[in-house]
Amino acid sequence: MLHTDQRFSDAVAAAVATIEASTDAEIVVVAAPRSGSYRDLALTAAGVITLAALGGFLFMPWEVAPLGVLVETALVAVVSAWLLDGNVPIRLLARAARMEEQVQLAAAAEFHREAVHATPNRTGLLVYVSALEQQVVLIPDVGLDARIPRGAFAGARRDLHHADLDHFLSGLTKVGALLAAHVPKRADDAIDLPNAPRIRS
Amino acid sequence: MTRKNFWLLVLFVAIAVLAPLALEDAWGRVGGGQTSRGSSSSSSSSGSSGGSSSDGDILMFLIFLAIDVPIIGVPLLLLFIGFVVVRFVVASRTGSGARVGTHAPPSTSSKPARAPRAAGSIAALRKADEGFSMPAFEDFVQLLHRRATAAAVGGSFEPLSAFVSPEAAAALVSAHTGRSAVRDVVLGGIAVRSVQLGARQRIVLTLQGTREEVTSGPAQRVHVTETWTLERDGTAVSLAPEDMLRMGCPSCASALETDTMGRCKSCGTAVTKGQLQWIVTAVEVGAREPYKAPEVGLLSGGDEPSYRDPVLIDPNFGAAYRSLFARHPDLDPRALEERVRSVYFALQAAWSAGKWDDARPFVTDPMYETLRFWMEGYALHGLQNKLDDVKLEKQQIVKIDVDAWYEAVTIRVWGSMKDSTIEVATGKVVGGNATKARRFSEYWTFLRAAGTGGATSDSLHCPSCGANLDKISNTGVCGYCDTRITSGRFDWVLSRIHQTAEYQG
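Keeping their order, the protein sequence lines are chains H and L. For the first sequence, the residue numbers in our numbering are 1 to 201. For the second sequence, the residue numbers in our numbering are 1 to 505.
Read the hints as simulated data drawn from the structure, not as lab findings. Hints are supplied without guarantee of correctness; some may be wrong.
[Claimed, not checked] Partial list, derived from the structure: chain H residues whose beta carbon lies under 10 Å from chain L:
1) ASP24
2) VAL28
3) VAL71
4) LEU75
5) VAL78
6) TRP82
7) LEU83
8) ALA115
9) THR119
10) LEU160
11) PRO194
12) ASN195
13) ALA196
Since we're looking at a predicted model, the values are computed, not measured. From the three backbone atoms N, C-alpha and C, an ideal C-beta is built for every residue, glycine too.
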């Protein structure tokens, strides 16, 4: 699991600075703990558990006061919804297609939010990492899309592992090599923008 | 199953089925509510998982306690759940922010420029009213202050009836009893004390300034601190800056005349209760104090303590920078750098020579007034702040902000100069250090009107007519073409200077 801590920030910032020294592309790394709330899944599962608990209370062989049933059932609903909101339960509850859809949507939103489309020659590249879904998405702007075959990006994407920092940096370096080959550095940047990843909380 | 139990079952089935549907909109929300469990995930040292193991341990313990000793465990469990829910609600309201992974720690300062709470509320106000702009609001307050102060000494509040309530007018008149005239009002600072949003919006401001007051004796220059409360309806929206400064009817923009019901005589709209525009509802004028000389003391050269403080870069800087230069493809960062350089030297030269009017083309109205306030403090007491060997060592853009009407760029500048205060009559150095340079750094914020063309202009000539900048009035109007060039409509003008130790990003 990739941890978005200070070590991650420093390592990614250094890697991006190295890559951008040899390419005109602008790399923006965004890391998010998850790409959606998935609260609907947690609440649905909590509802089922609550229903089961209610059934248990109703058909228990001994007498339970109605107020007790009400309090206990409400308690089960709240606690189970809270417990099911964790990463592991969500990963079990969500289908792969749903998680992929969430990550793609979130990455597209980040592309806009971080103005990756606003580089002078449309050579921005968003690297979006989503921890819960354990996915990395690359979204190149049209300037890169025009110069780098999509197949090459697909290959680079495969190399970008979310598993740990070293694998992630290794993948990032391969992406850098791809960018340097197709979009080499031509002019000095007017300004050195921060290379540290944006970490969503 | 009893009837009561049956309806309980129906109720919970309904909740189980409907709750996810009610929350369907959460699907597409990026990162929305993801802090529900793991507010700790925002910490740089924690993992990216949303869970918190300590909460889980406590919960398990309480569940066991509730089973074993229900009379103690159940209330504790309920309290714990209440705490978690409250924490979740607070985290949701705080919003899911973003940060740059590596950033400098905020600098410590005993004198923050503005209370963070007020700054946050201004941001909330901007969200509630997309047309709200702090620079435009400050211009409006400055003009209103000048007019209201003049009206309080023998003038009429009738043309200000949409902007000053009768109670505030009475307070101003009362505070100026015995004065036959008030001249040369200089507003040295506007600080936001509090902001309240809701059905009635309220901003409380502290205004510091000087003015020359004429009583029975000779005119005296005094320093006054005032507290102004401005209000408007929660549904009101800000006007364009030029319409705010026109100070006509907020509805039809005609010269303001109201009837006894507080309605504009031209359009019939009720305007005297802050329905459409900010109105001053309360004024407290503090005690007048003689305008004292600025405190000066001899200094050694070398570096100011904050010179080496880490640079505070706005977390959104990268995206804002890309957006700014995408909007203005002809805006050259080097030209902006040159503009900063020329303004920096022009301001230091004007300040050192005691000719603040020379700086007029390069600063906004409030900035001009603020620095004039300090300059007059020196002049009034026969002092002059001399700056020699002025150098600009480095500059770095750290923040770009775009509001409803203005684009603002904050730049950290590092420079050095021999900074001394002399007695004009004797030439004696009474403060600073005239022989050894002192290195310092500050954050300078420049702004210009949104929609202004990309390229920066020649800073030696009027950006409107091209004439020399030797006929710029106190209000920033070029004497050759009668165009106000300090509104930011033509080029970047300096709107604020923060000391490094005070800057909070």
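Legend entry - Hints that the structure is at odds with (numbers, increasing): As far as the earlier hints go, 1 and 10 are violated by this structure, in ascending order.
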